[in-house]
Amino acid sequence: MNAFLTWLVLLAPAGAAVVITLTALRRPATAARWSIGAILVAFAASLVLFRAGATGETAVVWLDLPGLRVDFGLRLDPLSLLMLLVVTGVGSAIHIYSWGYMRGDPGLPRYFAGLSLFSFAMLGIVLATNLLQLFVFWELVGVSSYLLIGFWYERPAAADAAKKAFLTNRVGDFGFLLGIILVWSVLGTLNLAELSAKLRAAPPAWGAAATAAGLLVFCGAVGKSAQFPLHVWLPDAMEGPTPVSALIHAATMVAAGVYLLCRLFFLLNAPALEVIAWTGGLTALLAALLALQQNDIKRILAYSTLSQLGYMVMAVGLSGAGGHPAPAMYHLTTHAFFKALLFLAAGAVIHALHHEQDIWKMGGLARKLPVTFWTFLAGTLALCGAPPFSGFFSKDTILTLAWEREHYALLALGVGVAALTAFYMFRLVLVAFTGPAKSQAPDHAHEAPPVMTVPLVALAVPTLLAGFWGIDRGYARQYGAEAAAAHGWAAHLFEPFAHAPMAAWGGLLAAAAGFVAAWTLYRRAVSDPLPGLLGAPARWLRDRLYFDELYAALIAATQDLLARVVAAVDRWVLAAGLVRGTAGVFELTGRLLRHVHTGNLQTYALLLAAGAVVLLWWTLAR
Amino acid sequence: MVNDLAVIGLELAVVFAGLGVLLADLWLPAARRPHLALVTAWVLGLILLASFGIEAEPVRTAFGGMYRLDALALFFKRFFLLAALLVTVVAREFREGFEAGHAEYHALTCFALAGMMLAASAQHFALLFVALELVTVTFYVLVSFPRRRVTALEAGVKYLILGALASAFLVFGIALVYAATGTLAFEALAGRLETFTGNRLVLAGLLLVGAGLGFKLAAVPFQIWAPDVYQGAPFPTTAFLSVGSKATGVVLLLRVLFEAVPSLTARSGPLLSVLAGLTMFYGVLGAIPQRSLRRLMGYSSIANAGFLLVGFATRSTEGVGAVLFYLAGYVFAVLLVFLVATLVWRGAEADEIATLGGLGRRAPALAASLTLGAASLAGIPPLAGFLGKFLLIRAAVLGGAENPALYWLAAITLVAAVVAIYYYFGLVRAVYWGEEAGSASVGPVSRSARAALVACAAGVLGLGVFPGPVLGWARLAARGLGL
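Chains as they are written, first to last, in my numbering: chain S, 1 to 622; chain E, 1 to 483.
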């Protein structure tokens, strides 16, 4: 029964994608029904599995040869169960919301087919039992992300963004693939359970390759989770439809990198973890700084996503050898809820303003769009880490972790980022939702239909309450650590302040400071006062510190050189020599052979007999 | 006696199906006779299903050990049933090409099928010869079935005369073996072979038997007939020739080489490797300049005989398992190509590849099916053809540890496989980028043809993506040879 349900979770979205592509490309309502139905079925099945606490593996043999056995399997454990719930639960809300947001778009069936394909791929990553299978789904996620970012392919910006996302990810995936090959060549298996058991039984089996493999695997996470220096694709990916940004580029796909690190945590040793922690911390800081001077509502959210992913990666790195990365997964989960909520609410704003995304053309939306405003505010508070919102608890576990590991540099960095986060998020809220209207656009704004607001409210519930559900303990179980639960809601709320007061108060006060700064600067602002205060640095931040330009120049230079060499080789060695030459030889022999086939029966009979004679002579006369 | 009949139940069912079709044709009113094709297909499908109810263990024999029902035999019987079933569907679509006697065509298909299935179980040279002749004689008729077409008659005559020559070699070879050893049973021969080491009579006899079987297989140097006969024969017959008739040669060669004369085969040196290499290259090189689809498939058939011989040359369980898996993927891909070709040209005589131009726009589903079939034949991952070639080359590389010549064979196979991509993609190029050849739209596709297309496409894809079960059967069957 459990095996059946697990397969159902994985295959329902795949089935929907196939059915839509084959039969419903011109019938939007049917396509939406299939896609939404499939994700709801997957969600229900995940809930049943979670309730039953099902664990274990089910596998079919994909290829079985002596010396090479590849399974296609599904693995259920606390980690994958919770992640299943996140992906299908948040996914369900976003699928339903899409039906309202994308209504009337001529490509709607294609959109839903892409969304279902993505769900299938993401669930495949979550459930994979071996690295090869994981990699296949990893790439499939990349493909579906490409299709969805470039959904409005007739817009050059969207097409470029899709290409950029795909290529940037490919850089990371190359490292990941090398890592997989390294693991296979050293340890001789790709099955996660076998790998883990092997390493636990004989840690020296790993030897010197450990750090290299850990960092190579981390390359994959750097690409998918958009960590520095491969962070450039995520802000551009906002060219896709807003629900796509919510599902793929905020809640699930970009979290796949963090999930991968937690899945393969046993592969990572201390030096690798140190690199991971610093990469995460730097990304968190860099992204928070870049977010300060963005004016596009979705881009601000995109940078905040980067920054939060940085937190998660930092948490994985801080867990250290012997610890466990449950805080990273905890923050991943709450972040999925409130970031999906923020994106969907931003989508409602964009929808109401007829695709206006510049916050300096908004203002006073709180009165026009009450549901959107209150849910957006809830998401913002969670993101800033205000108690009792879920984000407070998950962020606090990360800061506490830094405190416990006595990693004060990263603790200070985390606290600083918390202040920046509160600052740029309240800049967004105050400018867009309060104060005077800064253009005519907000005058005609109307609240979105229920099909869009209901998912907002549905996501606001976990945004507020997920901190009390013991999600962190659920993840800790994966790594064999049982934490005692605090008794009662009030006790749970105050527990962080008693447990690690420096971390809790530090995070809270930093957020408050950020809020106060934003309040003074943006309460009544009609244009951004920050460039006046900061001068040139503000302009650098607005221009994203010129990463894109740097990469473009770098890539152009190397590519030009490479292209010249390759073109010369291609033209003179491959095309002229090998291809033309070989093809010519084969063509010629082929044409010569034709002359044997005269169609003359006597000749044929003679040749047949001659063949037998030659054969006899060759065997007997020697 | 009754026990024996129970063991050959599948063959009996097929023979009775053929007789039933003939009788029904007498009594049915003319308007309803075309339905006989579907009835035949259903009956063959049911027999195929029933075959899965038969256990290969324990191995059963009949007629004093002449006939053996083991995993290898079952694998091939299912293979032949599937091939005949699909060929019947092709023949139904081709009906405009026959002026009369549709029912005879299906009945003859059944009789040929019975011959193939008997051959799959042969443990005695007498049964080998009788089964093979049943297949060959039926095919003389099937090849020249459109009897007013000069090309078909020419192909039929060529096949008859060259086939007779090959049969003569075969019988002469059997006679020599009997003269030298005094037995025709495989098991007895295997037991006595050691005493005849170095006996030229036995060796010559076996080579001549090999010539007869090589003719069926279309392997060098007995390949010369294939392009001409393939080109002249009606589409369903060509399909059946390239799948059923070839596989008959494969299974008989397996039985003779590894069951009747295993010790001689083990000492045969590079003979099989050389023949495999020559056959592959003859096929792929000959295919390049072809413009007729059936002629192209004729050369492709020779090339595939070469690929199959690679598995023989390894003389290992791995290699034989790869041969069986390769055949399973091959039947789907070939039938996919011939189904599409039949649906496009119907009963017409022409089959210029250039006239496929613009099919991608006229009939996108058919074009996609043809592409799938060609891609599998070319060995593009993740299709069945890729995995088949991969397994064959892998078996050769594994065997290379003991017999370094196999490394060379693996390399040659790789080159031949690459060249093969060239001409199969000529097909794909014509379909999508070729010049629009006539705007005639392709007629409606019947439900049975559509089901067959879907089944073949699923087979080509399924065997590539989930090879597990079929590969398991193939390896099980191969293990029975005791290599």
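Hints are computed from structural coordinates only; laboratory data are not their basis. This one's a predicted model, so the numbers in the text were calculated from it and none came from an experiment. For every residue, glycine included, the Cβ atom is placed at its ideal position computed from N, Cα and C. Do not rely on the hints blindly, as some may be mistaken.
[Stated by the list, open to error] Among chain E residues calculated to face chain S with C-beta under 10 Å, some are:
#, residue
1, 126
2, 127
3, 130
4, 133
5, 169
6, 227
7, 425
8, 429
9, 433
10, 434
Here's how the hints hold up against the structure:
1. 126: With Cβ-Cβ at 22 Å, over 10 Å, it is violated.
2. 127: Status violated, d = 23 Å.
3. 130: violated (22 Å)
4. 133: It is violated, given that the least Cβ distance between residue 133 of chain E and chain S is near 18 Å, above 10 Å.
5. 169: Since the shortest Cβ distance to chain S is 6 Å, the answer is holds.
6. 227: Given a least distance of 6 Å, the restraint on residue 227 of chain E holds.
7. 425: With a closest approach of 13 Å, the residue 425 of chain E hint is violated.
8. 429: For residue 429 of chain E, the interface hint is violated, since the closest Cβ of chain S sits about 14 Å away, which is over 10 Å.
9. 433: violated (18 Å)
10. 434: Violated, because the Cβ-Cβ distance from residue 434 of chain E to chain S comes to roughly 19 Å (cut-off 10 Å).
Violated hints for the displayed structure, listed by number in ascending order: 1, 2, 3, 4, 7, 8, 9, 10.
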